[in-house]
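Asks: Residue numbers (numbering that gives the first Met the number 0), protein chains in the order written: chain A, 0 to 698; chain B, 0 to 77.
The hints are simulated quantities; they were obtained by calculation from the structure and are not laboratory data. Bear in mind the structure is a predicted one, so any value in this text is a computation, not a measurement. All C-beta atoms, glycine included, are put in the ideal place defined by N, C-alpha and C. Some hints here could point you the wrong way.
What the hints assert, rightly or not - Chain B side only, calculated, beta carbon under 8 Å to chain A, not exhaustive:
#  : residue
1  : Gly10
2  : Ile12
3  : Ser19
4  : Ile21
5  : Leu25
6  : Lys26
7  : Leu28
8  : Gly31
9  : Ala44
10 : Gly56
11 : Ala60
The chain contents come next:
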Amino acid sequence: MGKQINVALIGNPNTGKTSVFNALTGLNQKVGNYPGITVEKKEGVCKLSRGLKAHIIDLPGTYSLNASSLDESVVIELLLNKNDKDFPDVAVVVSDVENLKRNLLIFTQIKDLEIPTLLVINMADRMAYKGISLNIPNLEEQLNTKIALVSTRKKQGIDELKQLIEGYKDLSTQPCLDTSEIDKDYFSSLHKAFPNQLLYKLWLVITQDVNFGKTDRNEIDAVANFKTKNKADLKRLQQKETIKRYQFINNALKKGHTIDTSKAKDLRSKLDRVLTHKIWGYAIFFFILLLMFQAIYDWSGIPMDFIDETFASLSEWTKNQLPSGAFTDLLAEGIIPGLGGIVIFIPQIAFLFLFISVLEESGYMSRVVFLMDRVMRRFGLSGKSVVPLISGTACAIPAVMATRNIESWKERLITILVTPFTTCSARLPVYLIIISLVIPEGHFLGLGYQALTLMLLYLLGFGAAVGSAYILNKILKIRSKSFFVVEMPNYKLPLFKNVALTVVEKTKSFVFGAGKIILAISIILWFLASYGPGDDFNNAEEIITTKYASQNLSEDELQQHVASFKLENSFIGITGRAIEPMISPLGYDWKIGIAIVSSFAAREVFVGTLATIYSVGSDDEATIKNRMAAEINPILGGPLFNFASGISLLLFYAFAMQCMSTLAIVKKETNSWKWPVMQLVIMSSFAYIVALMAFQFLK
Amino acid sequence: MENTLAHLKRGEIALITDVSSIHIPLKLLEMGCLPGNTVQLVQVAPFQDPMYLNINGSHLAIRKETAMHILIEKVSHG
Chain A
0 MGKQINVALI GNPNTGKTSV FNALTGLNQK VGNYPGITVE KKEGVCKLSR GLKAHIIDLP
60 GTYSLNASSL DESVVIELLL NKNDKDFPDV AVVVSDVENL KRNLLIFTQI KDLEIPTLLV
120 INMADRMAYK GISLNIPNLE EQLNTKIALV STRKKQGIDE LKQLIEGYKD LSTQPCLDTS
180 EIDKDYFSSL HKAFPNQLLY KLWLVITQDV NFGKTDRNEI DAVANFKTKN KADLKRLQQK
240 ETIKRYQFIN NALKKGHTID TSKAKDLRSK LDRVLTHKIW GYAIFFFILL LMFQAIYDWS
300 GIPMDFIDET FASLSEWTKN QLPSGAFTDL LAEGIIPGLG GIVIFIPQIA FLFLFISVLE
360 ESGYMSRVVF LMDRVMRRFG LSGKSVVPLI SGTACAIPAV MATRNIESWK ERLITILVTP
420 FTTCSARLPV YLIIISLVIP EGHFLGLGYQ ALTLMLLYLL GFGAAVGSAY ILNKILKIRS
480 KSFFVVEMPN YKLPLFKNVA LTVVEKTKSF VFGAGKIILA ISIILWFLAS YGPGDDFNNA
540 EEIITTKYAS QNLSEDELQQ HVASFKLENS FIGITGRAIE PMISPLGYDW KIGIAIVSSF
600 AAREVFVGTL ATIYSVGSDD EATIKNRMAA EINPILGGPL FNFASGISLL LFYAFAMQCM
660 STLAIVKKET NSWKWPVMQL VIMSSFAYIV ALMAFQFLK
Chain B
0 MENTLAHLKR GEIALITDVS SIHIPLKLLE MGCLPGNTVQ LVQVAPFQDP MYLNINGSHL
60 AIRKETAMHI LIEKVSHG
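Extracted from the complex, chain B is given alone in its bound form (with noise of 0.2 Å):
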């Protein structure tokens, strides 16, 4: 499984495919989590932990256990 987004490197871009919908706060769904969206890995925290995102314009930050079930493609190097 290296097609998740804990799995993303530093400034790369990827296109969100899917979200396990019952593991992902729904909070996060509403701020633009969603399958089709773009996400850049901004900058992460000691361990990869937590990660900070700019996912379709909004800039948050998730832990790695809930990125673990958010599933992409990579698209590019940012």
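Okay, chain A solo, but in the shape it has when bound (with noise of 0.2 Å):
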């Protein structure tokens, strides 16, 4: 066993930090949460020679150690934590050769806290096209630390980086800025008061709005001789800090980093120019979107064709070769089916998070939030909801894991919560089997009324997302700090690797963090369709070949009755009827109640169920749709599936919170019960309500 040294990757958002991570790391990473909150933990062991290991965090982007969101709060309250497993025994600062200047603001924090740091230059492969040249002896000297000059693109430097973080011990400690010069008065009793302490570290634990370890905090307030001041005393300080810190930064860079302008290209503002125009800029963004709603629903339905029919052959193959019995078909008709329900998502996702990474490294992802940030406001979100929103069309789950880049938590928390309302493709199947029962063939202006329908119901989707979060915005008495400052970051060619690894990452964070939650939910259908109370589900083919005896049917017809009747006296069919009462003032049955119950696991479900209620052998929708046309309901007679039963489907199925995953995910993202939870009871009761309202109407 080798010695291990931790080491820190700290720096500004679009400084490469992440690439240099990846370098660093290889395949060698793994990707978790820090413990109670969502801000991802991402580490790796990089080595460096004689045995040395390195355990490198990359921490999260942030502008400075004043942390405005939760992410970068992470940042600091490591860094103010000795005790701290992860607290590193040298911090990287990771900077940009293009934003030198403002990347060294917090290089100089950390150095202030007296911890070993040393600078990585990134993106030099761009100098040359930027006319900037750097003298790095000088730099070095000027600001007390070594420096490596890294290219992540070029892979050149990564080697020079190990060997420096190797001689960390070398690094010299000495603090950019003298703290107490920030006020004298001020300084000089923060220090009579703790005398043992180092005064740039008390600064930051008294002017940090988030609690670091609730002794430091108390402790400071626990002094009676010592008076703080005010919340808008505290600010003009820092920004007088802010000052001194900016004139040490342009002393240090004075000889040692001059740029020739008259060199530089700038493809930036021809981009710009197109990409964020009050027309052109929409444009673009609506054919982009355009293209990914294409990869999301067209190309990932090859890949989930092939794997819904791998699991349904995985299925019969294992319940052909096991001996038949409770487990095979709990293997066969649970577990293997619930696997598939977490396997068919994974194209999408996958493809989302290629555009979405894609969007994003390239830069582009900031010129929509700039685009969409007036529009979104009026609802009381931010322009950085647009993504989620976007994504949920395809799968609410990674459209809320989407909205962790929003500083504001009450914009944050209002997007997570409107999101499921959106239409998402597992709304898709059952929306297109009711309409195809209850809407005419007829065209209206040259639109048919079943594209029409289909296409009010996605803008109804959006239409709920925006109103509620509207009302949302006005109820919810949230207190956080609403500011909107968006970096609009240089144009770059997205890495393949930076891009590959994102996708590996947030397809398997999915997989296994929801994944186990569908999982167990189709086991617990499974039982419960499976098993009834009672003489009559035990005595199942009793009773139906005694019932059918006269009729000469097949061995197959005879199965699919027998199928049929356990499942109306399973424990989910007893539900079913159960709730009958509830549901037929919506012009429901107890079978579709089924479905709806059986939907809450997820929407696509509902199409199965009925499929299996119907004795349908095979999920072929033409031959449910017929068995469907011909129900009767057995109360009003005539057709259960009309005009106004099937409005009021359509309308439960396109507000109603159904879906487990979202759920769980929500559960996750907030880190509390109380907001998945009023998600189901006010969308369920919301959609139960206009379903009312429809059927009522419309019978």
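Now that you have both chains on their own, put them together as the hints suggest.
Replies: Below, the structure written as structure tokens:
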């Protein structure tokens, strides 16, 4: 066992910090969560030499140690806590050669914490392009550190960086700024009260809104002879501090950093003139959306069909190969289809994150945020809510995960809460079959009624999302700093390695996170549908055989009647009949009730459940459709699926919160059961009321 | 009040003279929005909101309500 040192990668967003992390650790990395919060924790191991290993943490990107979001407070909490097992032996600050001045701000802050700090100047390949020249020895002297000039794109400078990390003991811990210069009186009285503490550390603890280990904070408040200042005064001092830091940086860069603007090329402004244009900008954004839908709906259809068929035949194969019995049934009808229900989402999720990570890596996403902010703000959302709302049309699960970069907690929470209203792909099979049953085939202005209905349902989903955001914005009393500062990074060609790692990481996190819940639900559903109390269920075969003895049915037909009778008397069937009085005002019978109950696990289960109930052996939609069309309403007579009950059902599915996996991910992201329970209750009761009114009005 | 950042026109360059630190997020100050630095309005979304700026070499977008608290002195048309 060699020795291991802790290395923390710190830096502004968009400096290629994660590329440096990927270059250092390769596939030797894992992504988890910081305990109790949903901020991603990325760590990996990098071999140095002579048995020395570096344990590397890629900390969330931050502009300074003054945290303004959950992600950023992780950085400062770690750097202030010497007892944390991850406390760095050396901090590596990653900067972008084009934004060196701004990137150095956090460098000076970390150095003032007297942690050994070295500097990476990344994207060195762009120096010639931008006319930048650097005098590294001079900069090293001025900043009192060691510098690695790195280009992850050209794979240069990584070995030098490893050597510098290895020699971390030689790094100076001399601070950049004398903290007491910010305000002499204030800091000398602070020093008197806490003679053994680092002044800058105390200053950070005083000025942060987040709680850093309660002891520190209380200690300061408890000392009676030290009077702290009010918020506005503190902020004025922070501004003074920032000005002083920039003075230091400007001085340090005076000799070692020069830009010859005549040699600089400017691709950014050419692209921005088009991509953020008042008309073209929106047109291009719309086109990219279309392309994304195409990929998510059409291109992922092929692998999804393949997965579907593979799992169906796997299930069949298991049934044939293993001795029949409860265990085989559970495996073949519960677990394997359950696993299939997880795996089938992989293509869509992978495509979605492929698009999102390419848009993010290239710098285009910031332009979308810029274009959409004004529109979204009217509804209590942020420009940054656009991404999740778009993703939601594929699936709400990755969409909820995509809300993480919204700084304001209120805007993020509202986005999470309304995203499930957007029409996800699981609603599509339900919509398609009901529309084909109850909407006539005529045309209006050249557009089919059926297509129009589908389009209306999509608009209804977006409308519900935006409308409820508006209401939530009015009623939620959450004090959350609402500000909007978006960096507009340079356009870059995405690095394949980064995109691939993101796609793999997000997909894995879905499969193992939400997947566990989908699996558990499908096993429970199988039990409820396969077992029942009482004699009717246990003697189903005898009862049915006697009942149809005179009709000379084939073995297959007889089996279908048995299965149907069993389902009717299973736990889930009894539940369906128990809720019948509740749903008959909406125009449904107990069978639809069962389908609704089972589709609380996932909406697409609806068609499958009806298929089983109507004794249709296959999932072939035409056959189910004929059966459904033939069903008679037990109370009112006439076809069960008529215009009124059809519309009522469509509206119910448009609004109801029927997706266990979404609830699970909302619980994970908000870290509380309060919000998913609220979603379930409010969305579903709203769906019930709307469906009730629609049926009563139309019948 | 014609001398705030919110009144800058597209392409114009100005010098930041003062910022009202109570109304401005610290993050913006830290990104270089400080007195003495130059600012150029690169692009605006419809209704002049948000505004896409180049402050001292940093490119960023802020809302108009924030820009109103940054005082400027116009320098030239870019």
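Asks: All the hints need checking, so say for each whether the structure fits it.
Replies: Now for the hints, and whether the structure bears them out:
| no. | hint | verdict |
| --- | --- | --- |
| 1 | Gly10 | violated (10 Å) |
| 2 | Ile12 | violated (14 Å) |
| 3 | Ser19 | violated (10 Å) |
| 4 | Ile21 | holds (5 Å) |
| 5 | Leu25 | holds (5 Å) |
| 6 | Lys26 | holds (5 Å) |
| 7 | Leu28 | holds (5 Å) |
| 8 | Gly31 | holds (6 Å) |
| 9 | Ala44 | holds (6 Å) |
| 10 | Gly56 | holds (6 Å) |
| 11 | Ala60 | holds (5 Å) |
Hints 1, 2, 3, counting from the list given before, are not met by this structure.
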